[in-house]
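Student: Listed below are the residues making up each chain.
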Amino acid sequence: MFSDIFAFTYEIPYLLTLLLIIPLVGAIATLAMGGKRQKNAKYVAGVFSFVTMVLSVILMFTPDLSVYSESYTWIETAGVKMSYILSVDGLSILMVFLTGVLVFLSTVFSARESDKPHYFFALILAMEVGLMGVYMAGDYFLFYIMWEVTLIPMYFLISWFGGPRRHYAAIKFFIYTHVASVVMLIGIFAIVFGAATGGIADFSFEAVLAGSAAFGSTFQVLVFGLLFFGFAVKMPIVPFHTWLPDAHTEAPTAGSVLLAGVMLKMGSYGIIRVCLEVLPEGAQYWQPIMVFIGILAMIYGAYACIAQKDLKKMVAFSSISHMGMVMIAMACLSDIGIQFAIFQMFAHGLISAVLFMVAGATGHSVGTREIPLLGGLAGKLPLLAAFMMFGFLASLGLPGLVGFWAEFGIIFGFYDYAVSVDMLWLVIFCLLSLLLTAGYYLWAMQRTMFGRLTTKIDLSHIHDLSRPEVIALGAVCALIALFGLWPDLALSYLEGYSSSLALTLGVI
Amino acid sequence: MFVEYTWLVPLVPLLCFVIVGFFGKKMPHGGGPLVIFGALFAFVLSLLISYDFFTSDAYHNPGYVTSQIEWFSVGSFQMNVGYYIDSLACMMMLFASFISTLIFVYSIGYMHDEGAKRRRYFAQVSLFLTGMLGLAVSSNFLEMFVFWEIMGLCSYLLIGFWGFNHPKGDDASDSASSAAKKAFLVTRLGDVCLMGGMFVLLFEFGSLDYVTVFDTSMMAAVDPNMIMLGSLLIFGGVIGKSAQFPLLDWLPDAMAGPTTVSALIHAATMVKAGVYLVARCFPLFTQNPEVMLFVGVIGGITAFFAATMALNNMNIKKVLAYSTLSQLGYMFLALGAGGYMMALGMQSGDAALMAAGAIGYTAGCLHMVNHAFFKALLFLGSGSVIHATGTEDMREMGGLHSKMKITSITMLIGSLSIAGFPLFSGFWSKEIVLETAMHAGDYGVEGYLFTIMWILAIVTAFMTAFYMFRMWFMTFKGKSGHGAEHCHGESPKSMTIPLIILSVFAAALGCILLFGFDDYITIGIHAGHFQVGSGHGHGLAGWLEDIFLSMYTYLTIALVLIAIAVAYVMYNKASVNPGKFNKNGSSWLYKALTNRWWFPQLYDQIGWKLGNGVAKGVEFVDTQMIDGTVNALSSAVVGSGESLGKMQTGNVRDYAAIVMIGVVLLFVAILALFYFMGGL
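The listed protein sequences derive, respectively, from chains U and B.
Every letter in the first sequence is one number past the one before it in this note's numbering, and letter 195, counting from 1, is 192.
In this note's numbering, each number is its position in the second sequence, counted from 1, plus 50.
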């Protein structure tokens, strides 16, 4: 834990609320930087997102996170009670940190954005409000609102700042995730009203968790299905994944970074936070299906990567493959599985940020991301090649970088599960996906950066990474190396949470 | 105690990597001197540690010194990081750092013309050395695996060193980048097996620490089938890393990198890691004779096939690459045969058989060290030739002896050593390798397989002597070729001095066997646990008796001499035309050898089908079936027949309306469901 190195004991009042308010104020302030001042919009956004990041880092250094919990009654009528509850625990702390860091760094990375930058940065900050809200909410009503808040800025980011097929991609993204979140809403209503005691449906996590003991088996199984579907489309799971590659391909780089780095994790976060915590029996029932879906996503995603021609689309499919790992890890319903599912969410958040930054930068620098048109660029773009190499290696699970530990823990947890159900051969799929991952990354590397210098495109205007891009990429890479050399720094936050959840699930 | 500073051994080269990587541009020779310092530091420290260890009580009991701290934990399993020093670790550290130092010194001269690229080169070789040294001193499998993969990464980067902007043009760039990818992927295939093996061990033993896993009582408590599974998976990693059959195809392609990198990969690092791992896991592997049988058979087959491929190759580096494969095969044959006897001896409680098995271990390890020296020498020598002539094709060389005396003579020493010419280094280790293999054939039900392997190994010894001298004669004797005319004399001192130092070791190192040093590279069971080293060797008289009183020794010597003579008449005197035997290249055997028994084509086909073929299918499903359904559905819902792709932003409201209707319907459905279930 960070707090073992240095414990930050000064208690900042309303820290969690500040994590919501500052980006919100920042979004409004950035929006006001229109007209002639728009070239300064990035500085305003940078300052606000920087402050938010600092606060999230302070949170990491806080020894006891429970001191920051906030709880106020918001709406209370005869039948329902909704509260404004914010809290951070072992599950959410890394996600909050990730959000804080990635929003700031994607702001830095996009410093050259010149087309209506005030809208652009305001949307990013608005998204941060929603993301922070989702990860900190302690009340289902607040959780749902924040969930929806993330969608709208993302929709406009794609639709206004995206590539040629941006409208198609934006609508597809919106419909998919919106339908999923509606299904999720129904599930939420079901658990909240199902857990209601004394005629009052209390939307707070705590009250629902307390009332969940009374849920019958059939109820758990059915509602688990609804909630699981709602969350899993966001992760995404394989037959419902096609919004993701399109959204990524068309989204601006910063949007992709946040989409892959933080937004996809909302899905897996929801599954752990809601499905597993509240519906343990449902989880037992759905376990084989989760395992199947996870393996399918891993292998299918990896194979799809091999076939992709667009560098960014390949990276998007690799996200599907890696989120499949999160799925099988959660499906183990064990201490190790949950711990490393969260760790993989964190690791993938950092790594996919690098991947989308380099893919986006290839587009800016060279003018195209089509792999068959590229080749031999390492000599011309040494910095980009170095970062791409680093990102690819991190993603394929090079030991010493953060992704490896996540994969190692997940496969070991899964091995444990496979032994318990007497199907050890299932592990082969995990190992196969590792091999395929190495395959598509190295093949892409060979075709883009190595080999003969391409003659298919005009190379007279290509330029290497700009300074802000190097700073943003360098910072994420440093984090990947830091948590890779010292995985305990992140893992120790998760231990308490994962073991207590595993106890609830009845599997240790 | 210097042993406590073992962590500095990999750390200093690592720091050199970081410093050169970031600041190498402004350093002289691209940071080369700093990297040499790092390697030299590691060597000196290794010497001190080894001295310290061998003179300590721990050397005799329990035979190792270990210390570790917790790194992180996976559930209730603790992962540690630390060092584990025993004879094997000392040996690995010493030869890896010493040979790397010499290779780095040589690189200053060899890479002199590379300009700014040298920074990248020196940073990466330093990381490579870090990987090897870290691997040697690791205290558990996980830590070992980290360094194992770092080496995989470095080999990828260095083989692909000329993967772009190749001085010889685009085709060379393409093949270098393709070779790098192949090397990484093939070794990765082994690595995922190794990872699987680690999961088996972690699950069964609850720990990955060597001290726990190799504990005899722990191993006895674990299901032998799971130990077998774990051992075979670990050996899968070894097959990939050490390029054994059937994953041997990447190593010849890896010649696309600079020659110094080949020397590093073949002599000091990378492929030696596999041998090290088998030696390290000897206690585990010997739990099942079948595992060791498998190791030995794989080794024997590789030794034979790789040697055949070298027979007619015209590329000087490729000949050496095949010879590495072949010699690695010898090492695995020795370890496998020795382990097989050890395992049988343990099962039947036969102490003599176990002692015979320990000789196999000694043979494998000694051959690894010997090979490190003569192979480094041969590669650096070939690098010197390539540097001078600008070609790798031996037909364009010839007659270089008069122009490059030092290179020629040192390479002759290397060739004699690898061929197993009597009293040279390679002779001693090769003889005991062969002897162990033959000996193992007498025991157990499947022992006859070792007899077959022994026959293959004898034939391999003949072929080795032949192709090595074919290479030497073609390069240094006979008529001057096209490339040889470009040669303007001997290479610079920074290149020749390492050659001379290496040749001394290549000539004489094997003799340490006779002076009791083999005590340090043997293994046995003492007081119920395996112990590497600790003075229970064979003794001077024992070795002399073993080697010189056996008629098989004279058989091999005779074969070697005949092979050299054949090479002499074919390629030096040219009184016999080699074309006679291969119908001028049209015989099927010749074609098979040139095409490496068609392994590359086979693998390319399989890899392409299983990779790209399936991927194309997935892509079809994805774009046509899944996404096609989505788009068709959206057209149907909108009703206008327009596909979703043509929709404009204005229609979001339509969608929102549809979504809202959906919400209401679903909500009603859920309420109805609750009603029927009696909820609410």
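In short, the hints are calculated from the structure, not lab data.
Do not rely on the hints blindly, as some may be mistaken.
Footprint (simulated), chain B over chain U, 3 or more residues, beta carbon under 8 Å [to be verified]:
(1) 49 to 61
(2) 296 to 304
(3) 328 to 341
(4) 357 to 364
(5) 372 to 383
Anything over 10 Å on all C-beta distances counts as not near chain B; from chain U, calculated [claimed, not checked]:
(6) Asp1
(7) Asn37
(8) Ser68
(9) Glu110
(10) Glu203
(11) Leu206
(12) Gly208
(13) Glu278
(14) Pro396
(15) Tyr412
(16) Phe447
(17) Leu456
(18) Ser457
(19) Ser489
Glycine included, C-beta positions come from ideal geometry on N, C-alpha and C.
Student: A separate judgement is required for each hint: does it hold in the structure or not?
Tutor: Verification of the supplied hints:
no.: 1; hint: 49 to 61; in the structure: violated (count 0)
no.: 2; hint: 296 to 304; in the structure: holds (count 6)
no.: 3; hint: 328 to 341; in the structure: holds (count 5)
no.: 4; hint: 357 to 364; in the structure: violated (count 0)
no.: 5; hint: 372 to 383; in the structure: holds (count 4)
no.: 6; hint: Asp1; in the structure: holds (13 Å)
no.: 7; hint: Asn37; in the structure: holds (29 Å)
no.: 8; hint: Ser68; in the structure: holds (26 Å)
no.: 9; hint: Glu110; in the structure: holds (21 Å)
no.: 10; hint: Glu203; in the structure: holds (21 Å)
no.: 11; hint: Leu206; in the structure: holds (18 Å)
no.: 12; hint: Gly208; in the structure: holds (12 Å)
no.: 13; hint: Glu278; in the structure: holds (15 Å)
no.: 14; hint: Pro396; in the structure: violated (4 Å)
no.: 15; hint: Tyr412; in the structure: violated (5 Å)
no.: 16; hint: Phe447; in the structure: violated (3 Å)
no.: 17; hint: Leu456; in the structure: holds (13 Å)
no.: 18; hint: Ser457; in the structure: holds (18 Å)
no.: 19; hint: Ser489; in the structure: violated (8 Å)
Of the numbered hints listed earlier, those contradicted by the structure are 1, 4, 14, 15, 16, 19.
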